[in-house]
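Residue numbers (our numbering), protein chains in the order written: chain A, 1 to 200; chain B, 1 to 200.
Just so you know, the hints here were simulated from the structure itself, not pulled from any lab data.
Heads up, a few of these hints could be off.
Which copy is meant is left open, because identical chains are indistinguishable; a pair holds if it fits in one copy or across any two.
Claimed, not checked - The calculated PhoX-like cross-link candidates involving lysine-lysine, where the alpha carbons are at most 25 Å apart (straight line), are:
(1) K196 - K162
(2) K103 - K4
(3) K162 - K200
(4) K200 - K86
If you're wondering where the values come from, they're calculated on a predicted model, not measured in any experiment.
Protein chains: 2
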Amino acid sequence: MAFKSLTPGAMLCPVPAVMVSCASEKDRPNIITIAWAGTVCSQPPMVSVTVRKERFSHHILMDSGEFVVNLVGEGQLRAMDYCGVKSGRDEDKFAACGLTQTKVAELQYAPAIAECPLYLACKTEQVLELGSHDLFLGRIVGMGVQEELLDANGRIDLQKAKLVAYSHGVYQSLGPALGFFGYSVAAPEVLERRMKELNK
Amino acid sequence: MAFKSLTPGAMLCPVPAVMVSCASEKDRPNIITIAWAGTVCSQPPMVSVTVRKERFSHHILMDSGEFVVNLVGEGQLRAMDYCGVKSGRDEDKFAACGLTQTKVAELQYAPAIAECPLYLACKTEQVLELGSHDLFLGRIVGMGVQEELLDANGRIDLQKAKLVAYSHGVYQSLGPALGFFGYSVAAPEVLERRMKELNK
Chain A
1 MAFKSLTPGA MLCPVPAVMV SCASEKDRPN IITIAWAGTV CSQPPMVSVT VRKERFSHHI
61 LMDSGEFVVN LVGEGQLRAM DYCGVKSGRD EDKFAACGLT QTKVAELQYA PAIAECPLYL
121 ACKTEQVLEL GSHDLFLGRI VGMGVQEELL DANGRIDLQK AKLVAYSHGV YQSLGPALGF
181 FGYSVAAPEV LERRMKELNK
Chain B
1 MAFKSLTPGA MLCPVPAVMV SCASEKDRPN IITIAWAGTV CSQPPMVSVT VRKERFSHHI
61 LMDSGEFVVN LVGEGQLRAM DYCGVKSGRD EDKFAACGLT QTKVAELQYA PAIAECPLYL
121 ACKTEQVLEL GSHDLFLGRI VGMGVQEELL DANGRIDLQK AKLVAYSHGV YQSLGPALGF
181 FGYSVAAPEV LERRMKELNK
């Protein structure tokens, strides 16, 4: 094994690929696909999304100060890809993709996407200009999960959501569970029980 | 399908799970596992990593102004989990995990991890205090890829790296390719050819 030095690039992988929905007083609801997104704080819960200034949704995010991050399962993958290559300048992406708007109680304009497994309703706290992209830091003020993803104890079972990851231009399904946080130091009986639960 | 409203949490999924290596004039090299990481800019290429102030590596990052993001394949998963639950205060994690330090030309202190598929050498441009976590914005100034991950044309084939994703407490392998950026509008022959290549 030996490293070859290459020109630096944005090669953090895998990253989430999500549909960000937005709207403003002046603009109808739109969807923008974002892979340059991340969790940035646990308490308060916050996410970051990055958007090029020339993207149609940029001014909607700036005007409204809010957005919704919609997680994407395999069933929404084609729509997500489409929303990443088409512009809201030219068409209504909700209509084009057959997606449904859902009112989010905590926000004024931006709807969630009814078909997605989980949404994070965000209020923008800060915008940083970094270069090609502006970084929007959003505080998560509301969250909705499809009821069918909750188990008998009310816990979220995200395995059922069949989420998609994005890695160097390719959308990939999530495969078998390989471990859980802390598994490397778990007692053997805990390890066995939890791994069975995860891959049942 | 109907959403149930839940208390907001950091539920963006899947996210990358990476080993961040760091060192300073005063501190030996350490590894901290980070799932709250993301790409934040393409030009210049930049990543964000978030670290709690009470974590041992926090002061190393502050002192040195640099860090290395090491992508993690299935072969490094156990070590990554271990580095996420143990502290560099108590032990030398490189030694404990049998990992090897590799000098990174662009940085002064922080080594890369020789066993990982790809590293991003970063210089910290800005630190934002958000709450539980501080956000480190790093400019990627160097990048190394295992030679065996380069194809005949010198392109990075990350499918070979068997990267791991992190989703709500669970490490998951990446499964089959479901599509590629733009696949929803690709010509039928392009779609067929590329999907075959991706899942060969």
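Results of checking the hints against the structure:
1. K196 - K162: Classified as both: same-chain Cα gap 18 Å, cross-chain 22 Å, threshold 25 Å.
2. K103 - K4: between (50 Å within a copy, 13 Å between copies)
3. K162 - K200: both (15 Å within a copy, 22 Å between copies)
4. K200 - K86: neither (39 Å within a copy, 29 Å between copies)
Checked against the numbered hints listed earlier, the structure breaks hint 4 alone; every other hint is satisfied.
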